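Please model the entire structure based on the sequences and the hints provided.
2 protein chains.
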Amino acid sequence: MVKVSNMYTIQPHCFSNKSHMNNQNMSDIIEAYLKKVLGTDEQVEIRRSEMADRFSCVPSQINYVINTRFTVQQGYLVESKRGGGGYIRIIKVKLLDEAEMLDMMIDVIGSEISQRNAYSIVETLYEDSMIVRREANLMLSAMEKSVLSLEDCKKENELRARMLTAFLTNLRYEQL
Amino acid sequence: MVKVSNMYTIQPHCFSNKSHMNNQNMSDIIEAYLKKVLGTDEQVEIRRSEMADRFSCVPSQINYVINTRFTVQQGYLVESKRGGGGYIRIIKVKLLDEAEMLDMMIDVIGSEISQRNAYSIVETLYEDSMIVRREANLMLSAMEKSVLSLEDCKKENELRARMLTAFLTNLRYEQL
DNA sequence: AAATTTTTGACTAATACTGACTTTAATTAT
DNA sequence: ATAATTAAAGTCAGTATTAGTCAAAAATTT
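Chains A and B, in that order, give the protein sequences.
Just so we're aligned, residue 1 is where the first sequence starts under the working numbering, counting upward by one.
Just so we're aligned, residue 177 is where the second sequence starts under the working numbering, counting upward by one.
Just so you know, these hints were derived from the structure itself, not from any lab.
What you are looking at is a predicted structure, and each value in this text was computed from that prediction instead of being measured.
Please note: incorrect hints may appear among the correct ones.
Stretch-level coverage of chain A by chain B, calculated; a stretch enters the list once three of its residues show a Cβ under 8 angstroms from a Cβ in chain B [to be verified]:
no.: 1; region: 26-39
no.: 2; region: 74-85
In the SDA-like style, the derived pairs of lysine to any residue whose C-alpha atoms are separated by at most 25 angstroms in a straight line are [to be verified]:
no.: 3; chain 1: A; residue 1: Lys-81; chain 2: B; residue 2: Ser-325
no.: 4; chain 1: A; residue 1: Lys-145; chain 2: B; residue 2: Leu-326
no.: 5; chain 1: B; residue 1: Lys-268; chain 2: B; residue 2: Lys-321
no.: 6; chain 1: A; residue 1: Lys-92; chain 2: A; residue 2: Asn-63
no.: 7; chain 1: A; residue 1: Lys-81; chain 2: B; residue 2: Arg-258
In silico contact screen, one side only, chain B against chain A (beta carbon under 10 angstroms); selected entries [stated by the list, open to error]:
no.: 8; residue: Gln-200
no.: 9; residue: Met-202
no.: 10; residue: Ser-203
no.: 11; residue: Glu-226
no.: 12; residue: Asp-229
no.: 13; residue: Phe-231
no.: 14; residue: Ser-232
no.: 15; residue: Arg-310
no.: 16; residue: Asn-313
no.: 17; residue: Leu-314
no.: 18; residue: Glu-320
no.: 19; residue: Ser-322
no.: 20; residue: Thr-345
no.: 21; residue: Asn-346
From the three backbone atoms N, C-alpha and C, an ideal C-beta is built for every residue, glycine too.
Dropping the structure here:
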């Protein structure tokens, strides 16, 4: 379901400059490689199996690295395609100043939210000029009770929370 | 400790910057060729076997490209004739006014829609300037599989249909 | 020793490509 | 005219080529 990031775990003694870390595991190495490329270019496109070969790991480890180190929260978008000519593309996005505030809102939403409270949040976004009226209306129309109603009311609030979280997450970074 | 979701890493949920696509397979190349012509002209007429020769593929691959990339949902009509002097003609359509178009889309959506088809519809809205990129990305983010996923997949497509219909209805009224 | 993170691989899903066979239409032969 | 031939395009199922998922095992950290 939900993965845990290690980005905020407290490192024991001091700030470790990653370039001096002498005990890197394979995932760290792959991460470093990709981030080096992303230091120059805005995006990087890889073939999963090539990467796996290059780093002598199984292909699914590439997914692991991407899932734990290249999330939207960390400022990356990932696209992919299967089949012949398939690829995985990682895009670095610029996080906005509002990102922190949006994160707090996402925190507040948690795993469930009523229509009324969702409305309040959208209202706040509008008042703080983070969205325009038209965007507010779009959001609200999708979060209506009539759209989300299910047999179970609990589920409805859960869905609304996921949706609103998706909206806010989308607002965190600059559009491409 | 902050929980980080990996829900946004896999399915493409926003319009990508196609200018950096460097991993094209044959079908993509054929698609690009046809769309380039359609960028200038309203329609393009080809002979299947000629195309197959030009791109060194089997003739049926041309059908594959057309079936996957030139559907009605994507805004194209395709006519053809077999036998001597046969041809395939692809026509770019854009004949409805906005309200009509929205109604038609709502009709097409019906009571269920996959993520993929929802993407096509949003793409069409964007291409026809009925929404801006930011709005498109907001819509797509809310219709992600990971947002709507429930125990039952059927329910997911049902919810997505209701949501997309709500979006379109919203756009429809706003115009009036 | 408990919790967390990393590594692995079997299984699944999506997309692309191929070719044998079918259908349709025009042309040629009778 | 009618039949036979030829010249297209269509279909569909099978193969190939990628990437994704998930849970268990292994390693590491707390």
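| task | Enumerate the violated hints, using their earlier numbering and listing them in ascending order. | result | Structure breaks hints 1, 5, 7, 11, 12, 13, 14.
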